[in-house]
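Chain B: place on chain A using the hints.
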Amino acid sequence: STSFSTIAMEGKVGWGPKWQHVPMAPVDPILGVAVAYNADSSPNKINLGIGAYRDASGKPIVLKCIKEAEKKIANDPAMNKEYLPVQGLDPFLKVTSQVIFGKQSKALAEKRVAVVQSLSGTGALRIAAEFISMYAPGKPCVYISNPSWGNHHNIFRKAGLKTVTYRYLNPQMGLDIEGMLADLAAAAIGSVFVLHTVAHNPTGVDPTPEQWKRVADVCEKKRAIIIFDTAYQGYATGDLDKDAYAVRYFSDERGLELMVTQSYSKNFGLYGERIGALNVACADEETAVKVRSQLNGIVRPMYSNPQLHGARLVAGVLSDERLSAMWQQELTDMSQRIVDMRSALVGSLNRIGCPPPSAKFSSWNHITSQIGMFAFTGLSPQHCDQLTKKHHIYCTRNGRFSMAGVTPSNVDYVANAMKDVITSA
Amino acid sequence: ADLRSTLVTTNSKKMSRWSHVTEAPPDPILGVSVAFKADTDASKVNLGIGAYRDENGKPWVLGCVKEADKMIDAELQAGKIDLEYLPVQGYQPFLDLTSEVILGKESKALKEKRVAVVQSLSGTGALRVAAEFIKMYAPNTVVYCSDPTWGNHFTIFGKAGLETRKYRYLTKKMTLDIDGLLEDLKAAPEGATFVLHTVAHNPSGVDPTQDQWKEISKVAIAKKAICIFDTAYQGYASGNLDKDAWSVRYFADELGLEIMVTQSYSKNFGLYGERIGALNIVTSDASTVPKIRSQLNGIIRPMISNPQLHGARLVATVLNDAKLTKQWNEELKIMSDRIVTMRTSLRDALVKLGCQPPSTVFPDWNHIVDQIGMFAFTGLQAKHVDILTTKHHIYCTKNGRFSMAGVNPGNVEKIAAAMKDALDTAGPSDS
Numbered sequence: 001s002t003s004f005s006t007i008a009m010e011g012k013v014g015w016g017p018k019w020q021h022v023p024m025a026p027v028d029p030i031l032g033v034a035v036a037y038n039a040d041s042s043p044n045k046i047n048l049g050i051g052a053y054r055d056a057s058g059k060p061i062v063l064k065c066i067k068e069a070e071k072k073i074a075n076d077p078a079m080n081k082e083y084l085p086v087q088g089l090d091p092f093l094k095v096t097s098q099v100i101f102g103k104q105s106k107a108l109a110e111k112r113v114a115v116v117q118s119l120s121g122t123g124a125l126r127i128a129a130e131f132i133s134m135y136a137p138g139k140p141c142v143y144i145s146n147p148s149w150g151n152h153h154n155i156f157r158k159a160g161l162k163t164v165t166y167r168y169l170n171p172q173m174g175l176d177i178e179g180m181l182a183d184l185a186a187a188a189i190g191s192v193f194v195l196h197t198v199a200h201n202p203t204g205v206d207p208t209p210e211q212w213k214r215v216a217d218v219c220e221k222k223r224a225i226i227i228f229d230t231a232y233q234g235y236a237t238g239d240l241d242k243d244a245y246a247v248r249y250f251s252d253e254r255g256l257e258l259m260v261t262q263s264y265s266k267n268f269g270l271y272g273e274r275i276g277a278l279n280v281a282c283a284d285e286e287t288a289v290k291v292r293s294q295l296n297g298i299v300r301p302m303y304s305n306p307q308l309h310g311a312r313l314v315a316g317v318l319s320d321e322r323l324s325a326m327w328q329q330e331l332t333d334m335s336q337r338i339v340d341m342r343s344a345l346v347g348s349l350n351r352i353g354c355p356p357p358s359a360k361f362s363s364w365n366h367i368t369s370q371i372g373m374f375a376f377t378g379l380s381p382q383h384c385d386q387l388t389k390k391h392h393i394y395c396t397r398n399g400r401f402s403m404a405g406v407t408p409s410n411v412d413y414v415a416n417a418m419k420d421v422i423t424s425a
Numbered sequence: 001a002d003l004r005s006t007l008v009t010t011n012s013k014k015m016s017r018w019s020h021v022t023e024a025p026p027d028p029i030l031g032v033s034v035a036f037k038a039d040t041d042a043s044k045v046n047l048g049i050g051a052y053r054d055e056n057g058k059p060w061v062l063g064c065v066k067e068a069d070k071m072i073d074a075e076l077q078a079g080k081i082d083l084e085y086l087p088v089q090g091y092q093p094f095l096d097l098t099s100e101v102i103l104g105k106e107s108k109a110l111k112e113k114r115v116a117v118v119q120s121l122s123g124t125g126a127l128r129v130a131a132e133f134i135k136m137y138a139p140n141t142v143v144y145c146s147d148p149t150w151g152n153h154f155t156i157f158g159k160a161g162l163e164t165r166k167y168r169y170l171t172k173k174m175t176l177d178i179d180g181l182l183e184d185l186k187a188a189p190e191g192a193t194f195v196l197h198t199v200a201h202n203p204s205g206v207d208p209t210q211d212q213w214k215e216i217s218k219v220a221i222a223k224k225a226i227c228i229f230d231t232a233y234q235g236y237a238s239g240n241l242d243k244d245a246w247s248v249r250y251f252a253d254e255l256g257l258e259i260m261v262t263q264s265y266s267k268n269f270g271l272y273g274e275r276i277g278a279l280n281i282v283t284s285d286a287s288t289v290p291k292i293r294s295q296l297n298g299i300i301r302p303m304i305s306n307p308q309l310h311g312a313r314l315v316a317t318v319l320n321d322a323k324l325t326k327q328w329n330e331e332l333k334i335m336s337d338r339i340v341t342m343r344t345s346l347r348d349a350l351v352k353l354g355c356q357p358p359s360t361v362f363p364d365w366n367h368i369v370d371q372i373g374m375f376a377f378t379g380l381q382a383k384h385v386d387i388l389t390t391k392h393h394i395y396c397t398k399n400g401r402f403s404m405a406g407v408n409p410g411n412v413e414k415i416a417a418a419m420k421d422a423l424d425t426a427g428p429s430d431s
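Chains as they are written, first to last, in my numbering: chain A, 1 to 425; chain B, 1 to 431.
There's no promise every hint is true.
The calculated DSS-like cross-link candidates involving lysine-lysine, where the alpha carbons are at most 30 Å apart (straight line), are [said to hold, decoys possible]:
{"no.": "1", "chain 1": "A", "residue 1": "Lys-67", "chain 2": "B", "residue 2": "Lys-66"}
{"no.": "2", "chain 1": "B", "residue 1": "Lys-58", "chain 2": "A", "residue 2": "Lys-94"}
{"no.": "3", "chain 1": "B", "residue 1": "Lys-214", "chain 2": "B", "residue 2": "Lys-135"}
{"no.": "4", "chain 1": "A", "residue 1": "Lys-139", "chain 2": "B", "residue 2": "Lys-135"}
{"no.": "5", "chain 1": "B", "residue 1": "Lys-135", "chain 2": "A", "residue 2": "Lys-72"}
{"no.": "6", "chain 1": "B", "residue 1": "Lys-66", "chain 2": "A", "residue 2": "Lys-158"}
{"no.": "7", "chain 1": "A", "residue 1": "Lys-162", "chain 2": "B", "residue 2": "Lys-80"}
{"no.": "8", "chain 1": "A", "residue 1": "Lys-64", "chain 2": "B", "residue 2": "Lys-66"}
{"no.": "9", "chain 1": "B", "residue 1": "Lys-323", "chain 2": "A", "residue 2": "Lys-71"}
{"no.": "10", "chain 1": "A", "residue 1": "Lys-72", "chain 2": "B", "residue 2": "Lys-58"}
{"no.": "11", "chain 1": "B", "residue 1": "Lys-326", "chain 2": "A", "residue 2": "Lys-71"}
{"no.": "12", "chain 1": "A", "residue 1": "Lys-72", "chain 2": "B", "residue 2": "Lys-70"}
{"no.": "13", "chain 1": "A", "residue 1": "Lys-72", "chain 2": "B", "residue 2": "Lys-166"}
{"no.": "14", "chain 1": "A", "residue 1": "Lys-67", "chain 2": "B", "residue 2": "Lys-135"}
It is worth saying that the hints were derived from the structure and are not from the lab.
Keep in mind the model is a prediction, meaning the values are calculated, not measured.
One chain only, chain B, in its complex shape:
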């Protein structure tokens, strides 16, 4: 294209040089919240974004976080702390604690100083830094993400210039398609990257059993795969941080594998908007760690220079305080228990209404109760979701994923009734 002529025609003061830029389509997940906000109906329900709500549908700032906020403010007012730049890798007290949360107190990798860790802007930031690192040092890898997965996975790895593919994950009945999964990973080229969900798979809520994780690990070893454990829901799934970390600790400790682990404290600490997380790279050899860390810093410097203070201070303050840490564990249990209760309530409400399962593939609605974590992958499809939204002001992503935190005793009957209406109107889900 003739660059000069393009620019000559855009030289007129009225015409922007950016007039060829198109409007980006709304993000499928975030777009739901935007639409929800714009809705003026009093009974509207947001089952879109994965953010916890209490039983009155209100966001919950954890008590341990409120306390930490007070402590930090007091120190700032007293001149005991300042707002100086963090090092590129992040807030050291946070870094000293975060890896242990996921890898555990008994972690051999930590004891042997084989973990390179940097603070990140929650899970997204950690994944992007990991992706850029992989592009630099394993550029020929192919990145495998589950089908389905969190949509932003493909965008992140794509932005880093990496090729992405899918591996099968779910059967039609919403159970783990372990055979399809293993087959697809076995067909991957050597040195492929496997993006795995540590626990509470997003969006399906279906996790491998321990035996299934063992099968996956054998393929990962045979393929010399780069394993990335995306950890956004630790503590959220079972209410128990250690239990939820099983897959990571199995790969890192029992098998002694090199893995990458991204952490998000958005959900389990309720720190969504403070953007706090970490990227951990577990290596076989401690001497590699400073080199890896220096390159991670080299990625962060031209992206954001260094990360932000506040969220890191909050997490470090809680984890450094035994009382606050205990409170955090209790509040985690409250959140995950409420989700489990709502799963049961929704299933029961659907049964009470005589609502048919979404298709003949499902014997019942028990998949809602069997799935774990924040989301229910209901089996509803876009045609149902449209009715839920336009007729009933219930918002969720078009793949029928419900954020169960948005369900509460005050709206569960309405939701069940709306689901029945959607199925009655649009018919069962297509296979």
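Isolated chain A, as found in the complex:
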């Protein structure tokens, strides 16, 4: 007799292919760079695309403090693989908020911070977005800097929220503080403002303390829901406390409720282990308890409970004085290498007489004044395309260079390539 599969394939039984209408998704602009880079067989290729640290020989590193924490875990006979609670690993939760809020945090002392473990920064933002979508009255608009990390818009939209942009950069790559404040001041009451705690991605331009004060003023006036996206704490200046200034100013000095997402991808080099946290600093402890329960209610139908390994590593380092000190030193070293490469690149560009990328710039000094992992070079999409086509240098088309991809041995090659594409254009 004829089998079902034959009948089905002949279309006689209406089981029908279901997914023919599914289109190919566009390539993610940031991740697509890594894919293209990997496919390139040129020996000269350089990856300035993704924000992952590389040492002076261009190799990824695993921090020493992490290797030690790993060894401890691997050799601990008491370690099992049981489910974590929905909110995450308790020893991790106990230390993570203090990293960003600080030892003197009033919010922590008063137990007003609801915290859950998350899959790094993305996971924390998504949980925050879903929480806001559920509990903020009137489904507020989400204000995101222009430019920002591209995934910001996707995350909030997936949670059913509308996103709009606020001005951020002036044509000379400085902070357009008046534009920023004007756009935020024009927002509806109760809007969501997404702020970058430090080392703004992609521009590397941060508000000064005086400018943060003015931002806090408008946040207060607008009763804004404030989200501090913290992906580079310790990475910008090498100093965890210094890099946390904005969050602590808003929370401690201004007493504002805020949400803080943390990623340990860059500052702990734990990219692939996906470890971070969402902190919601509330006005009182009772609210924090209720908020935490609802954050758990969001996690449960997303992935039930978070994963062990990354949380164990971070907790293992932060609960050990020697390893914490080791971590701080390694953070300083990483951020210093980035700073050195900024200087090296600008030095090289000046030496070969490379003109600035456009008439807006009088020099290459924006590269050394920007902070964090990225240099927002000012190169155009067309320049970037040529950098890739002719010189096998990969970066995002907004001219953003991951400075960790620059090394003493490739910096001159990069500078020469930049001169070539600028002068050929």
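Chain B only, in chain A's frame:
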């Protein structure tokens, strides 16, 4: 509501903008573990969560996993591997192996490259990604889940914005209500989504026979249904991975149907907290696969960006090593055998005590032995469970579901005695 006035009243520095947020009720399954942890009684027993325990009641990290952990640590210390981001779809060596576990070495779908697969945070993560994909590309579907089922099913599909309904599953005697099941699925609208449990149905432990699966497949075909096979216990039910995969392979290979299969390695690898699983979408046409996969990635990117390394490395390390894979199969058999032994022990202990079945609907306690997988759906009800918990410090979900892995030679008599006490005190289960 006047947004402005709401916010004006919450402007005072003392009053939180989130003060209207209510405390969520504890998750019915996870809440059991929380309550168990808080109990200080020395003889307490946790029959709540579906996590394996050895005969001393201790969690068991499989030997093959311990070995894989050592190997991975050695490579990390030696600088042979790093902690860089995975691609959005996950760890490729894991992806290369995982679909074969469920679809089998002889899978036509795999040979013809008709399977889109992504790494997921275990079964929950796979279901959520599937739900979001279905919401995007089959938004008018209605999702049918068995009654009873794992409670989180409804929450997951609900979160993705999909309508959910139930299909009958169990008779009062705890056997498969195949007539009710088929009737409810036949009444479903065309293009409905059927959530099926591949093997070892949670919570009932009652699975369709092969003939019953064939009947279900006919309805699925007639309804052009999207079939999701939730696979959380492969290898756990019979101790044999291939045997436990029969339903999936029948639908995918023999019938050549497009199906979705979620995999969890939480139970069968004991990797609960490492959150490792996969979503497989089997299509009729290989050209659809890259498109589907790109959209799955588009769902993952704004959720978690990319999945985590460790659990994927562990599974891939074992499955890539013949010796470790053999060890895994042996350890799977040990776990499932112990569960089967405990089913028999509990039934025997109840009989020895002269404990009446939970109601007149049950001729005896044999349903505990007949059910397969991790859970026994005892037939006890909330009123019994309350007594079990408050009087005897025995924890389980209110629907009378026992995680049999929590039963061991040291506590089986106590459990049986407590069940008898509960039935004597509260009377039989209501029909």
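Hints, verified against the model:
As the CA atoms of Lys-67 (chain A) and Lys-66 (chain B) are separated by approximately 18 Å, the hinted pair is consistent with the 30 Å bound. As the CA atoms of Lys-58 (chain B) and Lys-94 (chain A) are separated by approximately 26 Å, the hinted pair is consistent with the 30 Å bound. A threshold of 30 Å between alpha carbons decides the hint, and for Lys-214 (chain B) with Lys-135 (chain B) the separation of about 28 Å falls inside it, so the pair holds. For a cut-off of 30 Å, the pair hint linking Lys-139 (chain A) to Lys-135 (chain B) stands: about 21 Å separates their Cα positions.
Simply put, Lys-135 (chain B) and Lys-72 (chain A) have alpha-carbon atoms about 44 Å apart, too far for the 30 Å limit, and the pair is violated. For the suggested pair Lys-66 (chain B) and Lys-158 (chain A), the alpha carbons sit about 39 Å apart, so the restraint of at most 30 Å is broken. Note on Lys-162 (chain A) and Lys-80 (chain B): the hinted pairing is violated, with a Cα-Cα distance of about 44 Å set against a maximum of 30 Å. Straight-line distance between C-alpha atoms of Lys-64 (chain A) and Lys-66 (chain B) comes to about 23 Å, which keeps the hinted pair within the 30 Å bound.
Distance restraint check for Lys-323 (chain B) and Lys-71 (chain A): the Cα-Cα separation of roughly 24 Å lies within the 30 Å cut-off, and the hinted pair is therefore satisfied. Restraint check for Lys-72 (chain A) and Lys-58 (chain B): satisfied, since their Cα atoms lie roughly 22 Å apart, inside the 30 Å limit. Simply put, Lys-326 (chain B) and Lys-71 (chain A) have alpha-carbon atoms about 27 Å apart, close enough for the 30 Å limit, and the pair holds. Only pairs whose Cα atoms come within 30 Å are accepted, and Lys-72 (chain A) paired with Lys-70 (chain B) is accepted, the gap being roughly 12 Å.
The straight-line distance between the Cα atoms of Lys-72 (chain A) and Lys-166 (chain B) is roughly 48 Å, outside the 30 Å bound, and the hint therefore fails. Between Lys-67 (chain A) and Lys-135 (chain B) the CA atoms are separated by roughly 42 Å; this puts the pair beyond 30 Å, and the hint is violated.
Violated hints for the displayed structure, listed by number in ascending order: 5, 6, 7, 13, 14.
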